[in-house]
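Q: Sequence:
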Amino acid sequence: MAGLGLAVLLTISGCVGVGGPVPKAPAHHRARGFANENPDFARPSFWSLQAFRVRRLWAAIGGDRSSPGFPRVANDGSALRANSQAATVTWIGHATLLVQLEGVNILTDPHFSERASPVSFAGPRRLNPPGVAFENLPPIHAVVISHDHYDHLDRPTVQRLAATHRPRFLVPLGLKAWFASVGIPDAEELDWWDSARVGTVTFTATPVQHWSSRTPFDMNRRLWAGWAIAAGDRRLFFAGDTGYYDGFRRIGERLGPFDLALVSIAAYEPPAIMAHTHTTPEEALRLFADVRARTFVAMHWGTFDLAEEPIDEPPRRLTAAVRAHDLPDSRVWVLAHGETRRW
Numbered sequence: 012m013a014g015l016g017l018a019v020l021l022t023i024s025g026c027v028g029v030g031g032p033v034p035k036a037p038a039h040h041r042a043r044g045f046a047n048e049n050p051d052f053a054r055p056s057f058w059s060l061q062a063f064r065v066r067r068l069w070a071a072i073g074g075d076r077s078s079p080g081f082p083r084v085a086n087d088g089s090a091l092r093a094n095s096q097a098a099t100v101t102w103i104g105h106a107t108l109l110v111q112l113e114g115v116n117i118l119t120d121p122h123f124s125e126r127a128s129p130v131s132f133a134g135p136r137r138l139n140p141p142g143v144a145f146e147n148l149p150p151i152h153a154v155v156i157s158h159d160h161y162d163h164l165d166r167p168t169v170q171r172l173a174a175t176h177r178p179r180f181l182v183p184l185g186l187k188a189w190f191a192s193v194g195i196p197d198a199e200e201l202d203w204w205d206s207a208r209v210g211t212v213t214f215t216a217t218p219v220q221h222w223s224s225r226t227p228f229d230m231n232r233r234l235w236a237g238w239a240i241a242a243g244d245r246r247l248f249f250a251g252d253t254g255y256y257d258g259f260r261r262i263g264e265r266l267g268p269f270d271l272a273l274v275s276i277a278a279y280e281p282p283a284i285m286a287h288t289h290t291t292p293e294e295a296l297r298l299f300a301d302v303r304a305r306t307f308v309a310m311h312w313g314t315f316d317l318a319e320e321p322i323d324e325p326p327r328r329l330t331a332a333v334r335a336h337d338l339p340d341s342r343v344w345v346l347a348h349g350e351t352r353r354w
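Quick note on our numbering: the sequence shown kicks off at 12 and runs consecutively.
Everything labelled a hint here was simulated from the structure, so no lab data went into it.
Computed from a predicted structure; not experimentally measured.
Think of the CB as a built atom: it goes at the ideal place given N, C-alpha and C, for glycine as much as any other residue.
You may find that some hints are simply not true.
Unchecked claim - Have a look at the derived ranges for each label pair, beta carbon to beta carbon: (1) 35 / 150: 22 to 28 Å; (2) 283 / 96: 45 to 51 Å; (3) 57 / 80: 35 to 41 Å.
To be verified - Think about it this way: if two alpha-carbon atoms lie no more than 25 Å apart in a straight line, the pair counts; the simulated DMTMM-like pairs of lysine to aspartate or glutamate are: (4) 35 / 293; (5) 187 / 199; (6) 187 / 205; (7) 35 / 51.
With the hints as extra help, turn the sequences into a complete structure.
A: This is the structure in structure tokens:
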């Protein structure tokens, strides 16, 4: 009985154990998942969220909004496959970019499916085909995932990548079990500020402001992250999905300056739903300045219709904001689907 009493005491206290005090969990860790750093972060109200979902459902019943016909660059992948050293970035669509750095080929949030949805027959349909066809990709050595939403984590795509390229999958905390459940047992989990290396490239998971869920029952059980990617004297920041908050200044101080910042410019309407979890074009430029990047790369627009702003509005608003801040055009890249640039 004395032993049982001691065990109960240790369980209740939670501060004493073999080897000394239990380290305090990071502030963003919760008993059943994770939380944002920003104390002012607020998810939309239940009723505003339901109203948004009804409007989106009604719009889907009426038919998907058509693409305004964004420019594309024909890219058969041959130059990418031949490249072994030049640093390049290619926009494939949405948050999927191919980054080439010191011979390491990296995909961010790879998505090559027709829909951003748990099912193949419903959900947001792709407005533009991938800028590089899957079969034309160079060998992929690393994949970074920002979070588990369906427009950023696509099961058929990651399974196909695992089967054909066998890359290293670097994911935020909580996603290893999901990857194992779809036949990819060796995904590597990172907490914010943790790092991993692939070849000569260092990947560091960073805080961003978002949330996670793939079902109604797993809200915030898995972490969300941005990624700092560095090799030699080159550095790139991939923001994933995020709202704006002042935490980006700390990323710039700790890991910057960056050559490129890959930042979302869309999915910001209505503000009642999106304000804390997606950046407007104007906020995206603030993020870009905070992380101390030289060149801005727009992403997360013109591929899936996820919000209520006009599909072609984000780049126009970005251009206006660039003019207002008197930034040279050479520092702001709005790539066409399939376009590759050296950096």
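Q: If a hint holds in the structure, say so; if it doesn't, say that too.
A: Here is how each hint holds up against the structure:
1. 35 / 150: 22 to 28 Å: Taking Cβ atoms as reference, residue 35 and residue 150 lie about 42 Å apart, which means the hint is violated.
2. 283 / 96: 45 to 51 Å: holds, 48 Å
3. 57 / 80: 35 to 41 Å: Since the Cβ atoms of residue 57 and residue 80 sit about 38 Å apart, the hinted range of 35 to 41 Å holds.
4. 35 / 293: violated, 37 Å
5. 187 / 199: Answer holds: residue 187 to residue 199 is near 7 Å, not above 25 Å.
6. 187 / 205: Holds. Residue 187 to residue 205 sits at ~15 Å (cutoff 25 Å).
7. 35 / 51: Holds. Residue 35 to residue 51 sits at ~23 Å (cutoff 25 Å).
The structure does not agree with the numbered hints 1 and 4 stated previously, though it agrees with the rest.
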